[in-house]
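Participant: Chain by chain, the residues:
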Amino acid sequence: MNVNRLMANVDGPAGTRGVALGRILFALFALAAAGSAGANTSNGYNMPPGVTVLSRDIYQLHMLVLWICVAIAVVVFGAMIVAMVRFRHSRGAVPDVTMLHSTKVEIVWTIIPVLILIAMAVPATKTLLRIEDTRNSALTIRVTGYQWKWQYQYLGDDAGIGFFSTLSEESNFARQLHSGIDPRSVPHYLQSVDHPLVIPSGVKVELLLTSADVIHAWWVPDFGMKRSAIPGFINDIWIKVLPGKEGVYRGQCAALCGRDHGFMPIVVDVKTPADFAKWVARQKAALKQAQAAPAPIAAPSAARAAAPGLVPAKRVARPLTAQVSN
Amino acid sequence: MAHAIDTAHDDQPAKGIKRWLFATNHKDIGTMYLVFSLIMFFVGGSMAMVIRAELFEPGMQIVDPGFFNELTTMHALVMIFGAVMPAFVGLANWMIPLQVGSPDMALPRMNNFSFWILPFAFTLLLSTLIVPGGAPAAGWTMYPPLSLQFGDSFPMLIFAIHLLGVSSIMGAINVIVTILNMRAPGMTLLKMPLFCWSWLITAYLLIAVMPVLAGAVTMLLTDHFFGTSFFNAAGGGDPMMFEHIFWFFGHPEVYIMILPAFGIISEIIPTFSRKPLFGATSMIYAIASIAFLSFIVWGHHMFVDGMPLSAEVFFMFSTMLIAVPTGVKVFNWTATMWRGSLSFEPPMLFAVGFLFMFTIGGFSGLMLAMVPADFQYNQTYFVVAHFHYVLVPGAVFAIMGAVYYWLPKWTGHMYNMTLAKTHFWLSTIFVNVLFFPQHFLGLAGMPRRIPDYAVQFTDWNMVSSIGAFGFGLAQILFAVAIIQCVRGGQKATAKVWGDATPTGLEWTIPSPAPYHSFTTAPEIPAA
Numbered sequence: 065m066n067v068n069r070l071m072a073n074v075d076g077p078a079g080t081r082g083v084a085l086g087r088i089l090f091a092l093f094a095l096a097a098a099g100s101a102g103a104n105t106s107n108g109y110n111m112p113p114g115v116t117v118l119s120r121d122i123y124q125l126h127m128l129v130l131w132i133c134v135a136i137a138v139v140v141f142g143a144m145i146v147a148m149v150r151f152r153h154s155r156g157a158v159p160d161v162t163m164l165h166s167t168k169v170e171i172v173w174t175i176i177p178v179l180i181l182i183a184m185a186v187p188a189t190k191t192l193l194r195i196e197d198t199r200n201s202a203l204t205i206r207v208t209g210y211q212w213k214w215q216y217q218y219l220g221d222d223a224g225i226g227f228f229s230t231l232s233e234e235s236n237f238a239r240q241l242h243s244g245i246d247p248r249s250v251p252h253y254l255q256s257v258d259h260p261l262v263i264p265s266g267v268k269v270e271l272l273l274t275s276a277d278v279i280h281a282w283w284v285p286d287f288g289m290k291r292s293a294i295p296g297f298i299n300d301i302w303i304k305v306l307p308g309k310e311g312v313y314r315g316q317c318a319a320l321c322g323r324d325h326g327f328m329p330i331v332v333d334v335k336t337p338a339d340f341a342k343w344v345a346r347q348k349a350a351l352k353q354a355q356a357a358p359a360p361i362a363a364p365s366a367a368r369a370a371a372p373g374l375v376p377a378k379r380v381a382r383p384l385t386a387q388v389s390n
Numbered sequence: 076m077a078h079a080i081d082t083a084h085d086d087q088p089a090k091g092i093k094r095w096l097f098a099t100n101h102k103d104i105g106t107m108y109l110v111f112s113l114i115m116f117f118v119g120g121s122m123a124m125v126i127r128a129e130l131f132e133p134g135m136q137i138v139d140p141g142f143f144n145e146l147t148t149m150h151a152l153v154m155i156f157g158a159v160m161p162a163f164v165g166l167a168n169w170m171i172p173l174q175v176g177s178p179d180m181a182l183p184r185m186n187n188f189s190f191w192i193l194p195f196a197f198t199l200l201l202s203t204l205i206v207p208g209g210a211p212a213a214g215w216t217m218y219p220p221l222s223l224q225f226g227d228s229f230p231m232l233i234f235a236i237h238l239l240g241v242s243s244i245m246g247a248i249n250v251i252v253t254i255l256n257m258r259a260p261g262m263t264l265l266k267m268p269l270f271c272w273s274w275l276i277t278a279y280l281l282i283a284v285m286p287v288l289a290g291a292v293t294m295l296l297t298d299h300f301f302g303t304s305f306f307n308a309a310g311g312g313d314p315m316m317f318e319h320i321f322w323f324f325g326h327p328e329v330y331i332m333i334l335p336a337f338g339i340i341s342e343i344i345p346t347f348s349r350k351p352l353f354g355a356t357s358m359i360y361a362i363a364s365i366a367f368l369s370f371i372v373w374g375h376h377m378f379v380d381g382m383p384l385s386a387e388v389f390f391m392f393s394t395m396l397i398a399v400p401t402g403v404k405v406f407n408w409t410a411t412m413w414r415g416s417l418s419f420e421p422p423m424l425f426a427v428g429f430l431f432m433f434t435i436g437g438f439s440g441l442m443l444a445m446v447p448a449d450f451q452y453n454q455t456y457f458v459v460a461h462f463h464y465v466l467v468p469g470a471v472f473a474i475m476g477a478v479y480y481w482l483p484k485w486t487g488h489m490y491n492m493t494l495a496k497t498h499f500w501l502s503t504i505f506v507n508v509l510f511f512p513q514h515f516l517g518l519a520g521m522p523r524r525i526p527d528y529a530v531q532f533t534d535w536n537m538v539s540s541i542g543a544f545g546f547g548l549a550q551i552l553f554a555v556a557i558i559q560c561v562r563g564g565q566k567a568t569a570k571v572w573g574d575a576t577p578t579g580l581e582w583t584i585p586s587p588a589p590y591h592s593f594t595t596a597p598e599i600p601a602a
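If you read the sequences in order, they're chains F and B.
Taking our numbering, the leading residue of the first sequence gets 65, the next gets one more, and so forth.
Taking our numbering, the leading residue of the second sequence gets 76, the next gets one more, and so forth.
Certain hints may be false.
As the list claims (entries may be wrong) - Pair by pair, the computed Cβ-Cβ distance ranges are:
| hint | chain 1 | residue 1 | chain 2 | residue 2 | range |
| --- | --- | --- | --- | --- | --- |
| 1 | B | Pro286 | F | Leu193 | 54 to 62 Å |
| 2 | F | Ser249 | B | Ser121 | 46 to 54 Å |
| 3 | B | Ile92 | F | Val172 | 56 to 64 Å |
| 4 | B | Phe367 | F | Leu164 | 47 to 55 Å |
| 5 | B | Ala386 | F | Asp258 | 16 to 24 Å |
| 6 | F | Pro337 | B | Asp139 | 43 to 51 Å |
| 7 | F | Ala183 | B | Pro585 | 31 to 39 Å |
| 8 | F | Asp197 | B | Asp139 | 40 to 48 Å |
| 9 | F | Asp333 | B | Asp139 | 26 to 34 Å |
| 10 | B | Pro230 | F | Ala135 | 23 to 31 Å |
| 11 | B | Val110 | F | Val312 | 28 to 36 Å |
| 12 | F | Ala183 | B | Phe188 | 46 to 54 Å |
Unchecked claim - Chain B stretches covered by chain F per the calculated footprint, using a threshold of three residues with CB under 8 Å from any CB of chain F:
| hint | segment |
| --- | --- |
| 13 | 426-439 |
| 14 | 470-477 |
Just so you know, the hints here were simulated from the structure itself, not pulled from any lab data.
We treat Cβ as the ideally placed atom computed from N, Cα and C, and that holds for glycine.
Working from the sequences, and respecting the hints, build out all of it.
Facilitator: In structure tokens, the structure reads:
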């Protein structure tokens, strides 16, 4: 996109307030576009294009709509600014009191926006259809939101592997009121956990989301996917990380769920299929060991892992807590 | 046929507290609504200052995370139900009778009751801050099961909401009956000013949806206390059903908060362009279309909750469609200015500010309508930026513009123009510093309703907080300007704005408007 050519349309007589505003807005949008090209994680201004098939589609749609809005803004704000400069009482402008209405003009500025909306609706609907097609996944994982942590349970061939994922101790100490610890000294402050979710790249991974208590939401910006985790419901989404984009990606709970809503992050460790298979093998070996020599009662994740597909333990007795059942 | 109304025994208002407690005069009641809303604006604003102070830097410096959630919840409830809605009702009370040429509202005693419910309801609501367990902290949206986890404050919240709903419904009935029955002879509906039109339509929206909110919160109440399972999956209920019912109210609610603003802008821009509103009939159809469409878009608040694909597609299309009549309004306001003769007194400054910044809020709204993109925007600061743009430099600026427009008519004095213009410029600059960076935060990955954040979000949060402190301080100028104007100032004439004054009925009576005006119906010119 030729930023200079687009900027030229915003030029007007110096000193008018709207021009300054328009320029600032434009510069910010332009920075957003330029800075984010090719980046995997956000540059701090704009949505990250991300590392999955869907996140790239979503990013393209977002940029399309953004640029259309910028173009419309240039035209509309431009007209307003010109009017405010040219037709000033202080300059002796005489109002044209015969200019009362025009049916033709009303039709034109109704039809044109409708056409623009249709142009946006087409790619949006296509992308939405792709997002909602959760068939034929290679791996399925059940994700359960709790107050205030996530639980991941692998289903199918890897059934039995399951664990809780809680805010890391370092972050948890630092975030306490008057902790005296500078958050900037904590690696990945508020975005690190004890046991990250591990998934392979290059294959369609389906996540089944639910909750054991209140509504939570699972979101990793770099995956372009956010979905609510609702007690009594199972929502499903799919993620396919592009091959070559292995690494650690971080997200957060995105639905107000109580006091520590801001402190239940999501960390996903994306491995190559080969490394993922090795990881699965290690987990299964650990499971076998745990079954052979049962650990003392203070090891809830092992006990849960030993009984695949079991209902998550009932929470502290509270009336009306929803129960998740298979 | 003109009928004089016998006011021989109440030419002068009652003395002391009785005047206000037993007020049936639309001007007194309007004044009370406006004063109440200004106080609530500062109360809600103080909560916002604490929120932004906590969010100034990463780490927790000031408040407990639970209290932070109480603040965000109460900030929204106070601003929506205590500041914005009562301000619009106050403007309706003052101006509708003056604009339609009637001596008062149709139901003056019900009008009094509608107002006095508010201080009582807000005392109840605000006192939850000091009950055991604290104020409600599940967001103003009160989603179960979370909202059912709160103790003592919960029934107080529900009762307060019921009271507020009753007040709004009664106020809306009053507006409709007044407009349909008490217009001066010769004022056909199509001759009625746009502000009255916008309120007529808003009143129907209120009557349609406030009972829905009442139903939703009553179901929350029975789930909590009487063993029902409306929203409890274990009992066969459905948390999603609350969302549907709440947002069926909630979406028209946000249009309730903006349609009167549209009416105000349609009064101010023609005045200071010295030119009639372009496409007035079109503008009325646009308001009506927006009101109708507002009933069929509620799902866009729930895109990430796992609706069926067909519902996602339907709500995406219907939400995008609302952009059309809204755009028509923006274009008509611009066309009103085009080939006009513009001057920039404070009301016009706020109206033009509205035009620019509400449109920015509209653009982010259009982006939010795109469902796949919304999977990234939803529940982030991008949404917070959107609704604050349409509500603050949108609805609130329209209210401030209306106050600056009609205050000389109400008080009989001009206010300090320099103070008002300074208020405008500081507000505009700081409101953008406050809310524009929130778009970046949302896009970069910061969720909403969190008291603390990962360090990569620090810079924009700091900028936003500075904007908040500046914006908050600037509002003191508004209060000072109003108080000074009430107490004195250069005398205002009937035609307050000189050669720019339009032909509306309110400008044919003296400033200050007499305690009883239009006791004899005015003549409406045939043309």
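Participant: All the hints need checking, so say for each whether the structure fits it.
Facilitator: Evaluated hints:
1. B:Pro286 / F:Leu193: 54 to 62 Å: violated (37 Å)
2. F:Ser249 / B:Ser121: 46 to 54 Å: violated (32 Å)
3. B:Ile92 / F:Val172: 56 to 64 Å: With a Cβ separation near 58 Å, Ile92 (chain B) and Val172 (chain F) satisfy 56 to 64 Å, so the hint holds.
4. B:Phe367 / F:Leu164: 47 to 55 Å: 26 Å Cβ-Cβ, so the 47 to 55 Å window is violated.
5. B:Ala386 / F:Asp258: 16 to 24 Å: violated (38 Å)
6. F:Pro337 / B:Asp139: 43 to 51 Å: holds (45 Å)
7. F:Ala183 / B:Pro585: 31 to 39 Å: violated (55 Å)
8. F:Asp197 / B:Asp139: 40 to 48 Å: With Cβ atoms ~44 Å apart, the hint holds.
9. F:Asp333 / B:Asp139: 26 to 34 Å: About 32 Å separates the Cβ atoms of Asp333 (chain F) and Asp139 (chain B), which means 26 to 34 Å holds.
10. B:Pro230 / F:Ala135: 23 to 31 Å: Taking Cβ atoms as reference, Pro230 (chain B) and Ala135 (chain F) lie about 52 Å apart, which means the hint is violated.
11. B:Val110 / F:Val312: 28 to 36 Å: The hinted range 28 to 36 Å is violated for Val110 (chain B) and Val312 (chain F), with Cβ atoms some 55 Å apart.
12. F:Ala183 / B:Phe188: 46 to 54 Å: holds (52 Å)
13. 426-439: Contact hint for the segment 426-439 of chain B vs chain F: holds, 6 residues under 8 Å.
14. 470-477: violated (count 0)
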